[in-house]
Amino acid sequence: MIAFLIKRLFHALLVMFVISVIAFAIQDNLGDPIQQMVGQSVPESEREALREELGLNDPFAVQYLRFAANAVQFDFGYSYVFNEPTTDVILRHLPATLELVAASTFLIIALSIPIGVYSAIKPRAWLSRFFMGVSIIGISIPVFLTAIVLIQLFAIGVSWSPFPADTGWGAWLNDLLTTDGGMPAYGRGDPVPVFGTWETNFASLEGLTYLVLPAISLASIMLPLFIRLIRAEMLEVLQSDYVKFARAKGISPRRIYFLHALKNTMLPVITVGGVQIGTLVAYTILTETVFQWPGMGLMFLDAIERSDIPLIVTYLMIVGLIFVITNTLVDLIYGLVNPTVKLTGKPA
Amino acid sequence: MSLLEVNNLDVRFALRRGDVQALRDVCFSLDRGERLGIVGESGAGKSVAAFTLLNLIAKPGYIAGGSIRFDGQELIGMRDRALRKIRGHRISMIFQDPMMTLNPVLTIGEQMVECLKAHRRISSRDARAISLRKLEQVQIPSPSARLDQYPHELSGGMRQRVIIAIALLLDPDIIIADEPTTALDVTIQAEIMALLLELCEEHNVGLILITHDLGVVSQVTQRMLVMYAGRVIEQGPTREIINDPQHPYTQGLINALPQMATPGSRLNQIPGSMPSLDNLPSGCAFHPRCGFVTRADGSTRQACHDQVPGFVTSGNCQAACHMVAEMIERERIPAEEQD
Amino acid sequence: MTTTTSPTATRWERLRDSYLLYSFKRDLIAQVSLLVFIVLVAAAVLAPWLAPMNPYDLAQIDILASELPPFWIDGSDPAYVMGTDSQGRDLLSTILYGARVSLIIGFGAVAMQAALGVCFGLLAGYLGGRVDAFLMRLADIQLSFSTLMVAIVVGALFKAIFGGATYSAYAVPLLVLIIGLAEWPQYARTVRASVLAEKGKEYVDAARVMGLSSRRIMFRHILPNTLSPIFVISTVQVANAIISEAALSFLGLGMPETQPSLGSLIKSGFDYIQSGSWWITLIPGLVLVILVLVINLLGDWLRDVLNPRLYKG
Numbered sequence: 001m002i003a004f005l006i007k008r009l010f011h012a013l014l015v016m017f018v019i020s021v022i023a024f025a026i027q028d029n030l031g032d033p034i035q036q037m038v039g040q041s042v043p044e045s046e047r048e049a050l051r052e053e054l055g056l057n058d059p060f061a062v063q064y065l066r067f068a069a070n071a072v073q074f075d076f077g078y079s080y081v082f083n084e085p086t087t088d089v090i091l092r093h094l095p096a097t098l099e100l101v102a103a104s105t106f107l108i109i110a111l112s113i114p115i116g117v118y119s120a121i122k123p124r125a126w127l128s129r130f131f132m133g134v135s136i137i138g139i140s141i142p143v144f145l146t147a148i149v150l151i152q153l154f155a156i157g158v159s160w161s162p163f164p165a166d167t168g169w170g171a172w173l174n175d176l177l178t179t180d181g182g183m184p185a186y187g188r189g190d191p192v193p194v195f196g197t198w199e200t201n202f203a204s205l206e207g208l209t210y211l212v213l214p215a216i217s218l219a220s221i222m223l224p225l226f227i228r229l230i231r232a233e234m235l236e237v238l239q240s241d242y243v244k245f246a247r248a249k250g251i252s253p254r255r256i257y258f259l260h261a262l263k264n265t266m267l268p269v270i271t272v273g274g275v276q277i278g279t280l281v282a283y284t285i286l287t288e289t290v291f292q293w294p295g296m297g298l299m300f301l302d303a304i305e306r307s308d309i310p311l312i313v314t315y316l317m318i319v320g321l322i323f324v325i326t327n328t329l330v331d332l333i334y335g336l337v338n339p340t341v342k343l344t345g346k347p348a
Numbered sequence: 001m002s003l004l005e006v007n008n009l010d011v012r013f014a015l016r017r018g019d020v021q022a023l024r025d026v027c028f029s030l031d032r033g034e035r036l037g038i039v040g041e042s043g044a045g046k047s048v049a050a051f052t053l054l055n056l057i058a059k060p061g062y063i064a065g066g067s068i069r070f071d072g073q074e075l076i077g078m079r080d081r082a083l084r085k086i087r088g089h090r091i092s093m094i095f096q097d098p099m100m101t102l103n104p105v106l107t108i109g110e111q112m113v114e115c116l117k118a119h120r121r122i123s124s125r126d127a128r129a130i131s132l133r134k135l136e137q138v139q140i141p142s143p144s145a146r147l148d149q150y151p152h153e154l155s156g157g158m159r160q161r162v163i164i165a166i167a168l169l170l171d172p173d174i175i176i177a178d179e180p181t182t183a184l185d186v187t188i189q190a191e192i193m194a195l196l197l198e199l200c201e202e203h204n205v206g207l208i209l210i211t212h213d214l215g216v217v218s219q220v221t222q223r224m225l226v227m228y229a230g231r232v233i234e235q236g237p238t239r240e241i242i243n244d245p246q247h248p249y250t251q252g253l254i255n256a257l258p259q260m261a262t263p264g265s266r267l268n269q270i271p272g273s274m275p276s277l278d279n280l281p282s283g284c285a286f287h288p289r290c291g292f293v294t295r296a297d298g299s300t301r302q303a304c305h306d307q308v309p310g311f312v313t314s315g316n317c318q319a320a321c322h323m324v325a326e327m328i329e330r331e332r333i334p335a336e337e338q339d
Numbered sequence: 001m002t003t004t005t006s007p008t009a010t011r012w013e014r015l016r017d018s019y020l021l022y023s024f025k026r027d028l029i030a031q032v033s034l035l036v037f038i039v040l041v042a043a044a045v046l047a048p049w050l051a052p053m054n055p056y057d058l059a060q061i062d063i064l065a066s067e068l069p070p071f072w073i074d075g076s077d078p079a080y081v082m083g084t085d086s087q088g089r090d091l092l093s094t095i096l097y098g099a100r101v102s103l104i105i106g107f108g109a110v111a112m113q114a115a116l117g118v119c120f121g122l123l124a125g126y127l128g129g130r131v132d133a134f135l136m137r138l139a140d141i142q143l144s145f146s147t148l149m150v151a152i153v154v155g156a157l158f159k160a161i162f163g164g165a166t167y168s169a170y171a172v173p174l175l176v177l178i179i180g181l182a183e184w185p186q187y188a189r190t191v192r193a194s195v196l197a198e199k200g201k202e203y204v205d206a207a208r209v210m211g212l213s214s215r216r217i218m219f220r221h222i223l224p225n226t227l228s229p230i231f232v233i234s235t236v237q238v239a240n241a242i243i244s245e246a247a248l249s250f251l252g253l254g255m256p257e258t259q260p261s262l263g264s265l266i267k268s269g270f271d272y273i274q275s276g277s278w279w280i281t282l283i284p285g286l287v288l289v290i291l292v293l294v295i296n297l298l299g300d301w302l303r304d305v306l307n308p309r310l311y312k313g
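Protein chains in written order, with the UniProt record's numbering: chain U, 1 to 348; chain Y, 1 to 339; chain H, 1 to 313.
Keep in mind that a hint or two might mislead.
Here are the simulated BS3-like cross-link-like pairs (lysine-lysine), alpha carbons at most 27 angstroms apart as the crow flies [stated by the list, open to error]:
no.	chain 1	residue 1	chain 2	residue 2
1	U	K7	Y	K59
2	Y	K59	Y	K85
3	Y	K85	U	K244
4	U	K244	Y	K117
5	Y	K85	U	K7
6	U	K244	U	K122
No lab work stands behind these hints: they were computed from the structure.
All chains, full assembly: derive it from the sequences and hints.
Right under this line is the structure:
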């Protein structure tokens, strides 16, 4: 167990090292703190002196070490735009993004497992075909488009009456094509403060309504992938000898499906899927833009727009850290679930 | 009446280009405590036959006709719920590859206890006790520790012992063993086979042993079937078939055994290979490989090309071969003429 | 599968007798998908001749005719079948030109990824050792970051380095480069897996014994055997690349509004959705979805038919 943890930790540190070198290279080449500090009017000689004083003329490696030493203490300097430590800016936006990701993850897990399992057990049923059809359409729709369509349908509303309204069925069909709108689709509303800068949308019904459309949009990108992944793995497991043997033992189908097969299905799903959940953070950039959700993604895009290099660099480091943590957790969970991994670092 | 009677079994696989018949007209029976060997090359339909007995063939395979009567009940068309009471309880199976047969994420104990609980109202503690006793019977070292181990912690030979223990858990009437030793190390094969034989004799369990190993069949079974391209082509008491095979294919199989070859010379092979099931030759499926299609006098036996041979009885054995039929006919006519 | 064809059979005869064509004839979804795909590609390629007006030509744009709805809604102008966008450009023409840009970037980016990925994959699989470890670790890191994230970061960097104006001017080659850099690991992993499987086979040993150079063995002997997985991945990757381009454009890191792709059209329309002009966003959106969907359906069909070893996980 300890050897496994050390190995994972080493790997995580290596990845963080690579990320920090990239982040520092960006800061070193694109950010000019002098410009930011003193403005245009200061003569070149004074700038040079300041540069020397701040150590900006030191070799790359020396500067990197200084950067890394600060980074370990979560000190990435000041944001050009907000004029406060970048970590404070990030911390203010982090809860909104994490809550969005959490809500989407919940949707993905709650829907993909039953649907994936069902369509593997009954591959020819019309409902399975329907799910598979919907999921391939789902994969083909970009997140931001899903978000826009949801806004049009449930926030703005649609009234479409192509059928004759004077007949009963026509009115009924028209009703079906008409949505009321009115769902909140802009920002977070009034989240309830928990502590510090952490405010939550989960604490009130009103807060939750703000979360609905963004969370569905964000989930829509991964849900079809998960359904297809779970179905494919489950189909494969159902062909295996141990499932046949379980049937030959006279075990009930329910136990075979939900214990023998599902447990084995979930092993690859944890590795592939766990990492995908981490990448949801990347997709928040798109969802947050559409819904003006005040999270890190929106902040990051804003920082790019305004060339706020320290904030960009901090965002990269923090998101990198989030990815590394999820990956490590996923590996750890996999090791705990799969008995053939003895957590010694090597599969037995 | 026998414990198990299989008649005219017809199993097909519905493939995109049409049905492929995997078993044709397969008939055999098994008495209580009897041991039957089913022999043939891979692809002859031995394993399909084994899986069909418990209706475990996977789609696209399906049973197109025939009957399987077990202890007076018809198994074909039986509802799954009723069939489940027989699977693992009265007829159990041993699979070919012990590395793949046990579920990797469940402990040995879980996999044994669930089998008992599926068939009996029994407490977990009692189920564990029975499981432990069965593990002792299959001579696994430190059996009580094994219950909480996962399959990957056991060697292949030990896993096959566990699988035999699971097959014996509910004292079945019949065990179907599909090549139970092929995937094991040669050194362990004999051990496992001896154990299986001993346990079957001790508990009076019938055994259907599917194998391509004629040596094992001759040591373990009392009767045997030879299968070729989805058909039974010869059946009878094991000793008689091994000593005096009638069908040219059986003769070829026995001649191909290494101990039949003269030292220093090449092994005797049957020329050609078994046809694929979706493209069987006309008449006798074996005729393209058979050395007896042409008679001793040089004339061709046309029936081999045109007609599917039926069974003819010779002594205690039955063989499906035109040549054998002709020989029996020839022996009978002179005998009648003498009268 | 293939019926008996003589070795001298022409390519056409081999195709005609192949399982690929056989299963295509029996798969209605694949046929419809291919038809729709061909129609869309043809329409995009022929845009300069098909489109009623040239959206790049400022002289043809009538700002007074902005935000006109499509023909089935009251207030439409018969001159603009699909309506107009916020700048008064004919939406149908803009979509045709936009689809052209999206397809160029999609195919270009996949060519880029494939070139990078195949080379790295061959190197990693064939050379093994440290090269392999380094490249695959790099691929792991990149994939664990999600290719979209990588593309956004690289795009943002390019924009910061070159400045907004230059970035817009060279948007097409830059996007090809960005998406190529972001998505090569898919290819590399699959090619590497195939190479490792092929490497153990006898014909490679035979080629080595004959004294052929590594490069020749890789490109002439191993690569042809990895083509079927590459082919399957490529279809899916074209779909992904088109979506990635749309996403980048939607974030303002892609095609400028003066030379819109489907993604930047959706973005430009999004600002007007609250005012009721949904068609500027949703009609290009629908075209994008149909384009990506048919490519994905074709990819699914190919995967079922060719059934290659794909890198899992």
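Evaluation of the provided hints:
1. K7/U x K59/Y: violated, 44 angstroms
2. K59/Y x K85/Y: holds, 22 angstroms
3. K85/Y x K244/U: holds, 16 angstroms
4. K244/U x K117/Y: holds, 18 angstroms
5. K85/Y x K7/U: violated, 49 angstroms
6. K244/U x K122/U: At roughly 17 angstroms apart (the allowed maximum being 27 angstroms), K122/U and K244/U satisfy the hint.
Violated hints for the displayed structure, listed by number in ascending order: 1, 5.
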